[in-house]
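**Q** Residue strings, one per chain:
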Amino acid sequence: MKQTLRFDQISCRLQVEGLPDVSAGQGSDAIGIVTGWNLQWAGRPELEGKKEHLQALMQAVLPYARLLLSDAPRLQHSLDQSVQVTPAGPGVHRLTLRSSQPDTPALEVSLDDAELADLVRVLDQLRLEPRLQLQLELPAAQPLRGRQLQARIPKRQRLAAPVAALLVLGVSTAASLLLPAPKLVNVEATTSKPTPRR
Amino acid sequence: MGFGQARPAAQARELGHKAKPAELPPGCADQLRAGSCCAARRQQIIDDQHLAAAAEGIALDLQAIGAVLEGVVDTRYNSRQLAGFAHRHKAQPHSGGQSRTNDEAARLDPHDQIGLQTLTNSTELSNHLLPALGIAHQRRQIAKQDARLGEIGDLAHQAAQVDRGGHGPLAGSHGIIAAMASPTAAPLPRRGIERLDLMLLCAEALDLNGAEATLWLSEELGLTEVVSDRVELWKQRCHNPLRRHVRRGSLTPSETDALIQVLCSQSERLYPLLRALLSAQEPLDISQQRWALFEERLRELIRERLNPRRSGVQTLLDPVGGAPQRRQLIRTMALAAGQGGFERLKASLMDASS
Chain S
1 MKQTLRFDQI
11 SCRLQVEGLP
21 DVSAGQGSDA
31 IGIVTGWNLQ
41 WAGRPELEGK
51 KEHLQALMQA
61 VLPYARLLLS
71 DAPRLQHSLD
81 QSVQVTPAGP
91 GVHRLTLRSS
101 QPDTPALEVS
111 LDDAELADLV
121 RVLDQLRLEP
131 RLQLQLELPA
141 AQPLRGRQLQ
151 ARIPKRQRLA
161 APVAALLVLG
171 VSTAASLLLP
181 APKLVNVEAT
191 TSKPTPRR
Chain E
1 MGFGQARPAA
11 QARELGHKAK
21 PAELPPGCAD
31 QLRAGSCCAA
41 RRQQIIDDQH
51 LAAAAEGIAL
61 DLQAIGAVLE
71 GVVDTRYNSR
81 QLAGFAHRHK
91 AQPHSGGQSR
101 TNDEAARLDP
111 HDQIGLQTLT
121 NSTELSNHLL
131 PALGIAHQRR
141 QIAKQDARLG
151 EIGDLAHQAA
161 QVDRGGHGPL
171 AGSHGIIAAM
181 ASPTAAPLPR
191 RGIERLDLML
201 LCAEALDLNG
211 AEATLWLSEE
221 LGLTEVVSDR
231 VELWKQRCHN
241 PLRRHVRRGS
251 LTPSETDALI
261 QVLCSQSERL
271 YPLLRALLSA
281 QEPLDISQQR
291 WALFEERLRE
301 LIRERLNPRR
311 SGVQTLLDPV
321 GGAPQRRQLI
331 RTMALAAGQG
341 GFERLKASLM
351 DASS
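So the protein sequences, as listed, match chains S and E.
No gaps in the numbering here: position 33 of the first sequence is 33 in our numbering, and each next residue is one more.
No gaps in the numbering here: position 53 of the second sequence is 53 in our numbering, and each next residue is one more.
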């Protein structure tokens, strides 16, 4: 029997249709084979696609949300490059979706923080839905390293320490040059001849 | 099929399938109309309206404004009443169900309890303030439409009621527990503790009963061994180096996980309000009023509990310079809400210190 999972948020609705994989021993209410999905957004084009497209959407959006939590957003894309998310100003995010069909222009959708949060929530709900018995290849959330967080520090602040270090080095070098050089002493001239013993 | 086959909204409307308005969240009913809304005969639709507020978003938004308003009113009133009393007698104000043993913790900052007090006439006070915002009439109308919404400021109770129905904010919390891996051995870095505590503070700024709700949520999540009472919660939060009274050491892994879980559940509960604060679709004046109310309440809490001599606290209190940080805290809470929020939030709190 065909199953439909539906997840609603204020600005979007995700609906996934599929069938249980009977050969894998799945129950009648499970979805092991996704036959289609659609994402409806208020006032925006409706998206639909296959399992691969859904997975690509999750591969781009969920890691991007993870980066946003660390206030270090940067471009994220799916493994097949069909979906990408990038910051497009304060509180605005641009989602670019490339169709798998030829001669179809890419679709760009601008989302504010609230709409992105709604999208993340429906994807999370789907990901953690026990009835969806499907292996999704999604990266695990990992802590960021110091280098990855550098973007959130202003360049001025980031460069302050090395510039100060260079200045100190330069000043100390200059100061050391100002020190008087030690006088050369002629050892032979100054060394007094030993007085003969009487 | 593919992304390129995305149908424009107008075209989707033209398809004219019978989408029941009741199935859609308010505000989206006209726009979100598509063919797949209707189930075929042999098709089983499992509708996961995870957040009850999705259908009651506007109502909860207005309600949450009321809660913030209440918070401002109550805090002013209570701080005058309680500050002297608590300092003189070293006892804490009582709240429902709190034992006397907990009250006698000498080091508990009396200011920490201010948010827990509820005035009996606070609803009346907020009703006086709401017309000034021009939303009282709307609120009354919504209250008529949906009798399930209770009095303003009673969010914890509502959450309890809703949760028993199986569609409440905590419906996702069980998912959080399931998603929670075994506690990691690595301690939370200093900046992570700061952010965690600040987000809990934001939750209290958004909801007058935020502190009580935190305890209630920890009980609901089965975390009473880690967060047993207010004193334990306060002790854990005092690992934040920005606090007035700082505790040395760091949170244990189980404490870290418990606090993150509670925060995720709090964010889930407060999601409609978090969303409203972040949304660019809201009218500008309403959005500004919401931010002003939230920031005022947050400033009061920060002044009461954090060390104002710390530069981080001064930045947070800065009306202009602290705005991006306050927005980031709200955005983090919104993205940490929900079932998958736990892993994301924990990973971000474990970021390397920069």
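Any given hint could be a false lead.
Here chain S is said to cover these stretches of chain E; the calculated rule only asks that three of the stretch's residues, wherever they fall, bring their Cβ under 8 Å from a Cβ of chain S [to be verified]:
#1 290 to 302
#2 328 to 339
Example chain E residues on the side facing chain S (calculated, C-beta under 7 Å, incomplete) [claimed, not checked]:
#3 ARG190
#4 ARG191
#5 VAL246
#6 GLU343
Rather than coming from a laboratory, the hints here were simulated on the basis of the structure.
Here a beta-carbon is modelled for each residue, glycine too, at the ideal position from N, C-alpha and C.
**Q** Take the hints in turn and mark each one as holding or not.
**A** A quick look at each hint next to the structure:
With 0 residues having a beta carbon nearer than 8 Å to a beta carbon of chain S, the stretch 290 to 302 of chain E misses the requirement of three or more and the stated coverage is violated. Check on the stretch 328 to 339 of chain E: 9 of its residues sit with their Cβ under 8 Å from a Cβ of chain S, so the three-residue criterion for coverage holds. For ARG190(E), the interface hint is violated, the least distance from its beta-carbon to any beta-carbon of chain S being 14 Å, above 7 Å. Given hint, ARG191(E) at the interface with chain S, is violated; its Cβ is 10 Å from that chain's nearest Cβ, farther than 7 Å.
Checking VAL246(E) against chain S: minimum C-beta separation of about 24 Å lies over 7 Å; hint violated. Given hint, GLU343(E) at the interface with chain S, holds; its Cβ is 5 Å from that chain's nearest Cβ, closer than 7 Å.
In summary, the numbered hints that this structure violates are 1, 3, 4 and 5.
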